[in-house]
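K.L.:
Here is how the chains run, residue by residue.
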Amino acid sequence: MSGEESRGTGPIVRVRGLRYRAGAREIFAGVDLDFPRGAVTAVMGPSGSGKTTLLRLITGQARPDSGSVEFDGQDVAALPRTALYRMRQRMGMLFQNGALLTDLDVYENIAFPLREHTRLPERLVRHLVLTKLQAVGLRGAARLKPAELSGGMARRVALARAIVMDPDLLIYDEPFVGLDPISLGVVLRLIRRLNDTLGVTSIVVSHDVREITAVADHCHLLSGGRIVASGPPAEVAASQHEDVRQFMHGLPDGPVPFHYPAPDYADQARQVL
Amino acid sequence: MVAAMIRELGDSLQEALGALGRYALFGARLVAETPRALLRFGLVVEQVHNAGALSLVIIMLSGLFVGMVLGLQGFDLLQRFGSEESLGTAAALGLLKELGPVITALLFAGRAGTALASELGLMRATDQLAAIEMMAVDPVRRVVMPRFLGGVISMPLLAAIFSMIGLFGAQLVGVQLMGVDQGQFWSQMRAAVELDDVMEGVLKSVVFGVACSLVAVYEGYHSLPTAEGVGRATTRTVVISSVSVLLLDYMLTAVML
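Same order as they appear, the protein sequences are chains A and B.
Mapping of the first sequence onto my numbering: position 147 corresponds to residue 147, and the numbering continues sequentially without gaps.
Quick note, my numbering runs 1000 ahead of the 1-based positions in the second sequence.
A few of these clues could be false.
[Said to hold, decoys possible] In silico DMTMM-like pairs for lysine to aspartate or glutamate, Cα to Cα no more than 20 Å straight-line:
id: 1; chain 1: A; residue 1: 145; chain 2: A; residue 2: 108
id: 2; chain 1: A; residue 1: 145; chain 2: B; residue 2: 1127
id: 3; chain 1: A; residue 1: 145; chain 2: A; residue 2: 103
id: 4; chain 1: A; residue 1: 145; chain 2: B; residue 2: 1046
id: 5; chain 1: A; residue 1: 145; chain 2: A; residue 2: 105
[What the hints assert, rightly or not] Pairwise CB distance ranges, derived in the manner of DEER restraints:
id: 6; chain 1: B; residue 1: 1042; chain 2: A; residue 2: 127; range: 31 to 39 Å
id: 7; chain 1: B; residue 1: 1225; chain 2: A; residue 2: 224; range: 23 to 31 Å
id: 8; chain 1: A; residue 1: 151; chain 2: B; residue 2: 1007; range: 34 to 42 Å
id: 9; chain 1: A; residue 1: 86; chain 2: B; residue 2: 1224; range: 24 to 32 Å
id: 10; chain 1: B; residue 1: 1041; chain 2: A; residue 2: 241; range: 58 to 66 Å
Hints were generated in silico from the structure; no laboratory data involved.
Quick caveat, the model's predicted, so the values are computed rather than measured.
Using N, Cα and C, we set each Cβ at its ideal position, and we do this for glycine too.
Model the full structure from these sequences, guided by the hints.
P.N.:
Here's what the structure looks like:
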């Protein structure tokens, strides 16, 4: 389906000089990033550092103020609507909460992209859906409604849906949030296994340091609108950069202050009285 | 002071015109998408079930009671002029031309409209619309259009059912309870009600169906992705739909009289 289109050899996603503001707040102040083909790359950073915004820019849901985000050599922001949709068919995205369509059962959720983009016979659709469900260990849950699934199961169904069109790029937005240790382990292993067996590229956005460093080949750490560290997880973990140390070791105070900016305590107390 | 008031009035007017423009653009897009959406009629039928079939009980119950009240009030009024045999005509004209389309539209806005707006709002809040976009599917085409058309098709059907049940209610009270002659009730109605009267009601219910469905899908689709945003979209749907129906009713009546 889409694999034939992806014949490039450089990074599958290339970000250059990215600047982006949300209202008065500067999210990215000139960011350069590469996501190597075939690897699992983690994007880490404290809350509000722009991780999800970066995903929105890669998938064309937002446009940079300046700079470029390229997917397989194409400038995402410059793509017309039809080309953007064609590009998205080569991407699979796992949302933080799964984002399953609540009026459809598990089977129909996974069949959704196939029914929308192909005219495959029902027998083949069924085969593909069951294969993907088997890959995430939920073939037996095919007829359950999303409301009947646990958080971990919903995430795995969403993963099956994300891979059903055989994408070149899999994007995970905070895949570990709210999962129990067993579900977390399952999702963690699935990310690695799907990346290696399907030969895709994976981008995982997370702030779960321990989990993500166990599965990623490369890490980028975002802070204050810039990349403060890049490289293999062990290398990033050993960095002495102040932002990296605070994030990796979970220190309550540092470049990201514990206290939200406020007027002098004594002045404020007097005003209240 | 006066300058501030004028400025405030100007701002409000500008905001209202802007909102009207956004509605018009969204409506134009829905109209443009209609032929393509009708090709996937199965999706539309599903939404006719959700907006129409699931509203049947409330429409039928309301129709019955409105018809019964019409029978009572009509009988009381007509008796004063010694023309209670005209009750059938009065009830039929009242229901077909006014009460049927208007009350159905108000009930439709409260039941199906709010359901549509909150469903779309929740889809926005839970990233379902973003997920559909990420699967390279246009959410307006796949999600909004079938719901809009489902509403537009359901409204005239519900209004017709409302009027029929209402007539039955008026007959029940007028003939069975108050003793109006059954033959007079039906024959006078048949003689006085013309096709134009029926068509006036049909046209009104189609226009109200378009207005209520447009408001519901617009407000739901554009709601803020929070609990408060969904709540506000639902409230706005009822308020804007109801006011629009009453305003449009006056305009249509004035044109068609």
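K.L.:
Tell me if the straight-line CA distance from residue 145/A to residue 1046/B falls inside 20 Å.
P.N.:
18 Å, holds
K.L.:
Evaluate the given range 31 to 39 Å for the C-beta pair formed by residue 1042/B and residue 127/A.
P.N.:
23 Å, violated
K.L.:
Could one say that the CB atoms of residue 1041/B and residue 241/A fall in the range 58 to 66 Å?
P.N.:
Between residue 1041/B and residue 241/A, where Cβ atoms are some 60 Å apart, the hint holds.
K.L.:
Verify the proposed pairing of residue 145/A with residue 108/A, using a straight-line Cα cut of 20 Å.
P.N.:
Holds: residue 145/A and residue 108/A sit about 10 Å apart, inside 20 Å.
K.L.:
Against the 20 Å threshold, does the CA-CA distance of residue 145/A and residue 103/A hold or violate the hint?
P.N.:
8 Å, holds
K.L.:
Return holds or violated for the Cβ distance of residue 86/A and residue 1224/B against the range 24 to 32 Å.
P.N.:
30 Å, holds
K.L.:
The hint says 23 to 31 Å between residue 1225/B and residue 224/A; measuring C-beta to C-beta, is that right?
P.N.:
Cβ of residue 1225/B to Cβ of residue 224/A: about 26 Å, so the range 23 to 31 Å holds.
K.L.:
Confirm or reject the claim that residue 151/A and residue 1007/B have a C-beta distance inside 34 to 42 Å.
P.N.:
51 Å, violated
K.L.:
Does the structure keep residue 145/A and residue 1127/B at a Cα separation of 20 Å or less?
P.N.:
17 Å, holds
K.L.:
Below or equal to 20 Å on CA atoms is what counts here, so check residue 145/A against residue 105/A.
P.N.:
Distance of about 4 Å is within 20 Å: holds.
Of the numbered hints given earlier, the model fails hints 6 and 8; all others are met.
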